[in-house]
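Residue numbers (our numbering), protein chains in the order written: chain G, 1 to 578; chain H, 1 to 419.
Stretch by stretch, here's where chain G covers chain H in the computed footprint (C-beta under 8 Å, at least three residues):
no.	region
1	347-356
2	369-378
3	383-390
Computed far set for chain G versus chain H, every beta-carbon distance over 10 Å:
no.	residue
4	Asn5
5	Asn9
6	Lys217
7	Gly342
8	Ile395
9	Asp401
10	Leu557
Listed next, the in silico DSBU-like pairs over lysine-lysine satisfying Cα-Cα at most 35 Å (straight line):
no.	chain 1	residue 1	chain 2	residue 2
11	H	Lys144	H	Lys118
12	H	Lys191	G	Lys58
13	H	Lys191	G	Lys12
14	H	Lys74	G	Lys454
15	G	Lys58	H	Lys366
To be clear, the hints were calculated from the coordinates, so they are not data collected in a lab. Think of the CB as a built atom: it goes at the ideal place given N, C-alpha and C, for glycine as much as any other residue.
Next come the chains, spelled out residue by residue.
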Amino acid sequence: MKMINLTINNVKVSVEQNTSILKAAKKFSMNIPTLCYYEDLNIKSDCRICVVEVEGKKGLVSACSTPVSEGMVINTNSPRVLNARKTIVELILSNHDTNCTTCVKNMRCELQNLAKNLGINENRFPSVFEKCEIDESNPSIIRNPNLCIKCGRCVDVCNNVQGTSVLSILGRGHETRVTAVFDEALSDDFCTFCGQCASVCPVGAIREKDDTDLVWKALTDPTKHVIVQVAPAVRVSLGEEVGQKIGTIVTGKMVSAMKILGFDQVFDTDFTADLTIIEEGNELIHRVTNGGVLPMMTSCCPGWINYAETRYPDILDHISSCKSPQQMFGALAKSYYPKKAGLDPKDVFVVSVMPCTAKKYEAQREEMRVDENSPDIDVVLTTRELGKMIKQMGIDFENLDEKPFDSPFGITTGAAAIFGATGGVMEAAIRTVYEVVNKKPLESLDFKELRGLKGIKEAEINLGGTNVKVAVAHTLSKAKILCDQVRAGTSPYAFIEIMTCPGGCIGGGGQPYGTNNKVRQDRIDSTYRLDASMKLRKSHENPEVIALYEDFLKEPLGKLSHHLLHTHYHDRNHKAKN
Amino acid sequence: MIEMKLISKRFGKINPLSIDEYIKFDGYKNLKKALSMEKTEIIEEVQKAYLRGRGGAGFPAAIKMMGLAKEANKDKYIICNADEGEPGNFKDRYLMENDPHQIIEGMIIVAYATGGTKGFIYVRGEYQKSMSLLKWSIDEAKKKGFLGQKIMGSKFNFDIEVRSGAGSYVCGEEFALIESIEGNPGRTRVKPPFPTQVGLYGKPTLINNVETFSTIPTIIEMGGVNFAKIGTPSSTGTKLISLSGNVKNKGVFEIPFGVPIKDVIYKLGGGIEKDRKIKMVQLGGACGPIIPEYMLDMIIDFERFEEFESKTGAGAIIVIDERFDIFTILLKVVRFFQHESCGKCTPCREGHIQLGNLIEKFIERKATMQDIASLESLARVIHQASLCGLGQTSPTAIISSLKYFRDDYIDRVEHPERG
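Construct all of the structure, not just a fragment, from the sequences and the given hints.
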């Protein structure tokens, strides 16, 4: 790689060709402030916060988008630069709802932080802010245009990472606004509710619908038996919300914290992840041996289901009929559990903690009801909302004892633990399907080719003497590639795993802020560490799952399983048809 | 006579609808000549001519041509920027409506020299007449074999399509224009890469102004060296001037570079209506500087105009007489840009409304000395930190007024009672 010599703030440095000024400065401990720039996204140079002075150039150039060149002389902190940055922040603040203390992002807002670091003590420009309507029309995501600073990150992630093109920038000049297509509210006609927009928003303009109050209310209602399930990806990310290092595994402390919050029972969604593998694995074997529709596609990701129902309604019969682990848990929590615990199902209040905003939508689907009058899952919280409750309660997380999950949904396997990472469901399924079909143990449980952040991953396994191909995709733009093959009838795979969010659930839209590929990788590494450390690593060896079949469900794909654990999908491509 | 008609020589002399009349009046003979030349030779002539872009920025045309020529791609686009949206400019419309084939001929020559495979003329949405004339002329040129396959018996194929925007000013900015042709909202892109590297549909693209393309046949005809003898060392050839405002004869005039502004106003424009005094003159258009009468001796020249740090080269001269108040003019300019900013970058999107509000304080005589400082600081930040040419040039009127009309500002601050 060719090296480029340049001078930054009087320091002579040498960096690789094509490095941006921003990254070059960072290498030498000079952090140039940014706002629209986000690691791993395309968005660049729109906010103009990162402008620097380059000798010989009349105007200021944006450090994030300008590559270094030989002999460049850069000043990142001249009075002209500092004044420009301050002015730009003042301008943003002059058209922003500055009621910071009541904002969801208070104390963790990138704009607030920038204003603090630049020393903005007063604003030279009077406010021109005009209040707009807040979009609270869907169960997952709230858009508050009053806080939007038009940085374009959400639009970039929606268009380029997800390829869903729901959010766009409309209008021009001072009237510029970020909005959903056709200036409509965010609805299930278009939006998959993946929440990646909320995850990258530097301010509080897009966030998950906050349901913590509903949970507090239930927890203080003496007539309610409140149980909670926690998704696999939450234990490797919650720590970030409560001051722990990225990727810290906090399972035991998390359970303790939830007991202190007042939940009657703390269960593990990993249990129903294992159950999913039994049902889905058997469904796959059934499809393969009976000439069913192939490739089969996974169904645990609600964002993906929303995407398929709106964009690919013609391939819905490829999707496994298994409910997601969250909803399998919900169905059991309102049937098997109350029976076993001697409770009236009406008194059982079920909370989920998920890394996901689409799960809030999923829980409200009409198909997800054992009792048609009430949803199986009463409230879904994101990882961030659980973090909020822990802070509201004043829990000293660091010094908590570690506690195990409660029975009967507490014993889990490594196969379930890896559901949180892209490729995890596929790997877990292979561990079971291989052994069930081939009737011999796998030599190695680790399918390294299915792990990691590569967009589309493939593997081949031998099932009953034939080699079958499987594929894994994460992000909807990558899912689209596999879906187009399925639609065209050219898909070479027998089984496909699709996760909406980059990196899988560990990168979900409800996960702690600041998620980028490095953070994703750290959480993924912890996920596989967790798997490796577990005594049981195959779903079909989970003794509580075995007991559930013996006690209650009787057999995979049986009558009761179909009633409780399976679902169906709808063509929701209305808008496109009209 | 200070006029010199090179590219306007056919204005009023031929029927613009008639390709035969164009051919009779030297039309397409320079294309024929160019097709007999080496491609590099054509670029060399343009280089010797030192032709600078006529859209305003004055970028050397030969460098763009070399940039496109060296790109190896099976698709390379040539775009003629006819989105003449700068207030006070109407010379491109004159070129399109009086001599459309000259533009087409210029584009074909540039395409031949650079390996361009497809041309687009992006016409301002309001210019319906120009658009139909160009479409008609392209069809005529195709029938005669100047466009299409094997042009004039050569191996060279090239075609041109007319496109239009929906009336947004910023679509005259090259990347916003490209986005608009692609069907997207007119918002600029980050540079680098430049259009000649990654332009329309991701392909190498050369964009020139209407007048720049119109000048190409003349350079082929007279040769670069002879062309460069016209004008001044930094600004060769002739320039179309759009003269408007409170002058007696408004219109488009072609002059060699180097003519004093005053001569254009008095000798070509016939002076000021009712012989009033000039209060100010805005150069280049709404994005250009506002200068006082005492500066009118300055010559029209790219280098001379550099002191304004703006794109004054489009050639508009807007004359404003003593009846008008500078702050009213400035407010109109700022509100125009507030409306036309694409909204992509912060300084431009949020800055203009604040500039306008500050100017209003001077109109209402409620401004303070601090407001002068704030206005100056904000105008400079927008000028220096904006992403594209719009925000980089829109504050020029304010910055220049603070320099040349500072007394007017101070008067408003010191004498609130005079309102």
